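S.K.: For the sequence shown, the residue numbers in our numbering are 548 to 872.
The hints are simulated quantities; they were obtained by calculation from the structure and are not laboratory data. The model shown is predicted, which means the values in this text are computed figures rather than measured ones. Treat the hints loosely; a few may be bogus.
BS3-like mimics (lysine-lysine), calculated; alpha carbons at most 27 Å apart, straight line [as the list claims (entries may be wrong)]:
| hint | residue 1 | residue 2 |
| --- | --- | --- |
| 1 | K650 | K607 |
| 2 | K605 | K569 |
| 3 | K764 | K650 |
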Amino acid sequence: MTVSEPTMLESRLCCGQAQVSKVDMTITTELGSHTFQVKRLLHNDGKDHPFFVFLCFKSKEQYYYPIEEIADRGFSVLSFFYGDVTEDNDACPDSDFDDRLAKVLLKNGRDQKDTCGKIAIWAWAASRVLDYAQTLPGLDLSQAAVIGHSRLGKTALVAGMMDERFRYVFSNDSGCSGAALARGSLGVKKIPGKYGETGETIKNIMGVGYWFCKKYKDFAQTCIPEGFDQHFLLATIAPRYVYVASAAMDGWASPDSEFLSCVAASKAWEDKGLTGFVHNGEMPDDDVIFPAGHIGYHRRPGHHFLSRTDWNRYMDFIERHREDN
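With the hints as extra help, turn the sequences into a complete structure.
M.R.: Written out as structure tokens, the structure reads:
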């Protein structure tokens, strides 16, 4: 892996307390090289700051990234556009495994049933960005977090599973095949709107099956082994910290199932003598926060989105647990 010298971006942002710049990161394997851009929000006060590796939906991230507020609260960010890593193209879901980083990592494309899909490639890229973070001054490497929304919320969970250097894993509205339990599509609370009234199923999500290995299709009828569900993905992050966020009107992501996955995963921390998921024993209202344990959760009013509210609650969570042993 090689990284270019930084290029300064908008200097008026962040009131001069942090610098916004970009670098080009090149990954080289025996199959070739691929370069993608990493944007940097780094403080210049000589202190070590907690930071996020942020998987972005846009090459010029606007909607999901309150950069001034993040800087004001003393956090740094290394972000990258997931499409620069490998395409998310449902028009040709299999053929585009010969593009960008996928081509450099997969010799024969997605040729086997257990060959990884795009989510794993995006997650692997997040770890390479974390490698780069370890070369930079001004970052508290003990307080590294990974964050993503929707399909990138699923990706953040996979990145956290694969890379123990991420102390915090933030999954925003990740839904089916992310934080939400798959068995039974537990989004039974009727929520009208563009994202559907009940939770997405594995069968639904296989319309973008290239996100996953081909074998995942075997479970499209929810033939999941007894006792197994998505809470096992959360449990792989123990004894570190994982945070699941839901939006009250996001029926397609199945907020109830996301909450129940936190409940089910709690035992993984409790078995290690740690506090797992601390909640009141009831299904959540439309605006609740449960930040006390190693599993954090909130449900906020509104739809499928990564909002300022979400970011602030994530930063609150890190500040709350920063001094925990």
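S.K.: Okay, which hints does this one fail, numbers in order?
M.R.: none
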